[in-house]
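**Q** Sequence:
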Amino acid sequence: MTIETLLQQGIDLTRQGKLHQALVYFEKMLDIYPEEARVLFNAAVVVDLLGQRNQTIDLLYRSINADPTFANPHFYLGQLHLKAGRFTEAYQSFRDTITRDVEFSAAYEGIKIISSALGHSEAGDKADIVFYTGGVPFHGRTIEERGLGGSESALVYIARALAANGRRIRVFCNCDKPGDYDGVYYGNLIDFHIYRQQHSLPVFISSRSVRPFKTALKAQTRILWIHDHTNVLFLEGENPIHFPIDCIFAISQWQMNEWSRHFKIPNNRFYLTRNGVDITIFKPGEKRNLNRFVYMSRPNRGLDILLRLFPHIRQRLPDAELHIYTYQLSGDRLENQINRLAQQPGVYMRGSLPKETLAKDLSVAGLMLYPCTFYETSCIAAIEAQASGTPVIASTLAALSETVTDGVSGYLIPGDPHTSEFAHRFVETVVTLVRDDEMWQRLSYGALQRTELLYDWNIIAKNWLEKIQRLTGKKNNNL
1 MTIETLLQQG IDLTRQGKLH QALVYFEKML DIYPEEARVL FNAAVVVDLL
51 GQRNQTIDLL YRSINADPTF ANPHFYLGQL HLKAGRFTEA YQSFRDTITR
101 DVEFSAAYEG IKIISSALGH SEAGDKADIV FYTGGVPFHG RTIEERGLGG
151 SESALVYIAR ALAANGRRIR VFCNCDKPGD YDGVYYGNLI DFHIYRQQHS
201 LPVFISSRSV RPFKTALKAQ TRILWIHDHT NVLFLEGENP IHFPIDCIFA
251 ISQWQMNEWS RHFKIPNNRF YLTRNGVDIT IFKPGEKRNL NRFVYMSRPN
301 RGLDILLRLF PHIRQRLPDA ELHIYTYQLS GDRLENQINR LAQQPGVYMR
351 GSLPKETLAK DLSVAGLMLY PCTFYETSCI AAIEAQASGT PVIASTLAAL
401 SETVTDGVSG YLIPGDPHTS EFAHRFVETV VTLVRDDEMW QRLSYGALQR
451 TELLYDWNII AKNWLEKIQR LTGKKNNNL
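For the sequence shown, position 193 (counting from the first letter as 1) is numbered 193 according to the numbering used here, and the numbering increases by one without interruption.
Please keep in mind that the hints were generated in silico from the structure rather than gathered at the bench.
Just to be clear, a hint being listed does not mean it is correct.
Claimed, not checked - Below, computed lysine-lysine pairings styled on DSS-like, alpha-carbon distance capped at 27 angstroms:
| id | residue 1 | residue 2 |
| --- | --- | --- |
| 1 | Lys283 | Lys360 |
| 2 | Lys462 | Lys474 |
| 3 | Lys264 | Lys18 |
| 4 | Lys177 | Lys126 |
| 5 | Lys474 | Lys214 |
| 6 | Lys214 | Lys112 |
| 7 | Lys18 | Lys28 |
Claimed, not checked - Quick list of the computed label-pair ranges, beta carbon to beta carbon:
| id | residue 1 | residue 2 | range |
| --- | --- | --- | --- |
| 8 | Asp176 | Thr280 | 19 to 29 angstroms |
| 9 | Asn174 | Thr280 | 26 to 36 angstroms |
| 10 | Lys283 | Gln79 | 55 to 65 angstroms |
| 11 | Leu233 | Thr280 | 31 to 41 angstroms |
| 12 | Gly179 | Gln343 | 22 to 32 angstroms |
| 13 | Gly179 | Val136 | 13 to 23 angstroms |
| 14 | His20 | Gln79 | 19 to 29 angstroms |
| 15 | Gln52 | Glu238 | 41 to 51 angstroms |
| 16 | Ile241 | Gln16 | 20 to 30 angstroms |
| 17 | Arg308 | Asn231 | 19 to 29 angstroms |
| 18 | Lys283 | Arg350 | 17 to 27 angstroms |
Ideal Cβ placement from N, Cα and C applies to all residues, glycine included.
Start from the sequences and build out the full structure, keeping to the hints where you can.
**A** Spelled out as structure tokens, the structure:
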């Protein structure tokens with residue numbers, strides 16, 4: 001007889017009110033399966049019905065320890081705390097339930113009861129715009145504390161800018177320090193599910209993920225803000241056109257075209273926006289070292305190529321330095337290759353820095369070098385370089401030709417970065433630009449002009465609000 005059959009027989013005895021028989025049954029099962037979470041949980045239910053509260057609690061915790069993913073014991077603990085008027089403990093238990101099963105509807109009801117008992121006002125907690133994103137842990141001050149990825153940084157900046165325009169903003173992410181930052185509240189993803197059950201959302205924006213559009217979402221206007229190419233793993237088997245999304249915010253024309261072609265989404269379903277930069281910290285320094293070059297991207301996006309080219313650059317420019325700002329390497333074959341190639345004169349591995357520290361370094365750099373082999377949909381690093389007055393020399397792959405204007409804010413080298421022809425042109429362009437101060441000054445000025453015109457987050461936020469207003473008005477007119 002399987003454990004499922006034995007377990008069901010015990011549950012049937014409990015439902016028939018034969019509690020003592022059920023308890024004996026579960027105790028015998030525990031002799032055979034002492035760490036079976038479901039048996040421990042059902043034994044706890046029977047013991048509780050028999051009025052033995054201390055033993056109930058003990059069995060529930062044993063069940064939780066036996067299977068940390070099992071939601072039922074957390075919910076039952078929540079019910080016990082709620083009956084005893086321990087609202088804080090009950091809330092945490094119901095939240096732990098939802099952490100393990102976001103569709104556990106009774107847990108949401110428990111939280112609703114607690115909120116009502118504590119007099120929490122739905123209106124007082126309501127946001128104008130709610131953001132959702134998965135990915136790495138962060139909060140509203142992470143960019144001041146350590147390096148952070150482009151899409152996460154963009155979310156922090158746009159949320160701040162929207163809040164500065166008088167909007168109430170909430171961000172739900174893998175938040176390591178929930179709280180209010182610069183007028184924006186940051187909460188965990190589990191709290192998003194609780195929030196969406198209790199509130200209707202005037203504007204909902206999901207960054208990267210289509211997952212929330214699969215839930216029961218009470219949102220008037222729904223926006224998907226995309227940062228990736230179509231080939232990322234989390235989009236396999238998905239198609240945004242099948243979800244209730246009002247508009248897709250794309251960060252480059254190239255990305256919009258790729259998504260439209262791949263998913264067969266009409267162009268009128270997109271809004272073309274862009275990434276930005278904090279122009280209060282990314283700005284030119286008073287002194288420059290034109291021989292100081294920077295690489296600011298993941299290692300697998302062309303760093304190996306640059307490290308192979310750098311000795312040829314240094315042969316022509318003996319004072320050349322290459323400062324590499326990147327995430328910790330992944331521990332694979334690429335890491336060994338990069339570490340080996342980096343063991344050469346003039347190369348400095350700087351790690352991943354907070355924005356203000358990075359901005360100071362960029363303000364004195366001569367060039368950003370990026371023989372990119374990755375499908376960049378925007379490239380915030382190139383925007384930050386231009387905001388610092390640092391020209392960019394890069395490949396033409398994907399959206400880089402939109403982010404950097406060839407001959408205006410840098411130079412774009414056509415062709416495959418792995419070829420000798422590309423290598424020759426890249427090295428020659430670097431050497432020529434460093435030696436021609438007039439040309440460098442012209443590109444640096446062009447980079448600053450483009451930044452002021454296109455990449456100020458405050459201007460981008462105002463454009464967003466205008467678009468959101470049009471989307472909301474269109475939906476209201478169609479009601």
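**Q** Hints first: check each against the structure and report whether it holds.
**A** Verification of the hints:
Taken as a hint, the Lys283 and Lys360 pair is honoured in the structure, with Cα atoms around 8 angstroms apart against an allowance of 27 angstroms. The hinted pair formed by Lys462 and Lys474 meets the criterion: a straight-line CA distance of about 18 angstroms does not exceed 27 angstroms. Taking the CA atoms of Lys264 and Lys18, the gap is about 60 angstroms. The hint is violated against a cut of 27 angstroms. Of the supplied pair hints, the one linking Lys177 and Lys126 holds, its CA atoms being roughly 20 angstroms apart against a limit of 27 angstroms.
Pair hint Lys474 plus Lys214 holds up; C-alpha atoms about 23 angstroms apart against a cutoff of 27 angstroms. Only pairs whose Cα atoms come within 27 angstroms are accepted, and Lys214 paired with Lys112 is accepted, the gap being roughly 22 angstroms. Taking the CA atoms of Lys18 and Lys28, the gap is about 16 angstroms. The hint holds against a cut of 27 angstroms. Between Asp176 and Thr280 the Cβ separation comes to about 25 angstroms, which falls inside the hinted range of 19 to 29 angstroms.
Against the hinted window of 26 to 36 angstroms, the Cβ-Cβ separation of Asn174 and Thr280 comes to about 27 angstroms, which satisfies the hint. Range check, Lys283 to Gln79: Cβ separation about 57 angstroms, and the 55 to 65 angstroms hint holds. Separated by about 36 angstroms at the C-beta atoms, Leu233 and Thr280 satisfy the suggested range of 31 to 41 angstroms. Hint check: Gly179 to Gln343, Cβ distance near 43 angstroms, so the stated range 22 to 32 angstroms is violated.
Taken as a hint, the range 13 to 23 angstroms holds for the pair Gly179 and Val136, whose Cβ atoms sit roughly 18 angstroms apart. The supplied range of 19 to 29 angstroms is met by His20 and Gln79, whose beta-carbon atoms lie about 23 angstroms from each other. For Gln52 and Glu238, the hinted distance range of 41 to 51 angstroms is satisfied, since their beta carbons lie about 49 angstroms from each other. In this structure, Ile241 and Gln16 break the distance hint of 20 to 30 angstroms, their C-beta atoms being roughly 51 angstroms apart.
Restraint check, Arg308 to Asn231: a C-beta distance of roughly 26 angstroms satisfies the suggested window 19 to 29 angstroms. Lys283 and Arg350 have their C-beta atoms about 20 angstroms apart, which keeps the hinted 17 to 27 angstroms range intact.
Of the numbered hints stated above, those contradicted by the structure are hints 3, 12 and 16, listed in ascending order.
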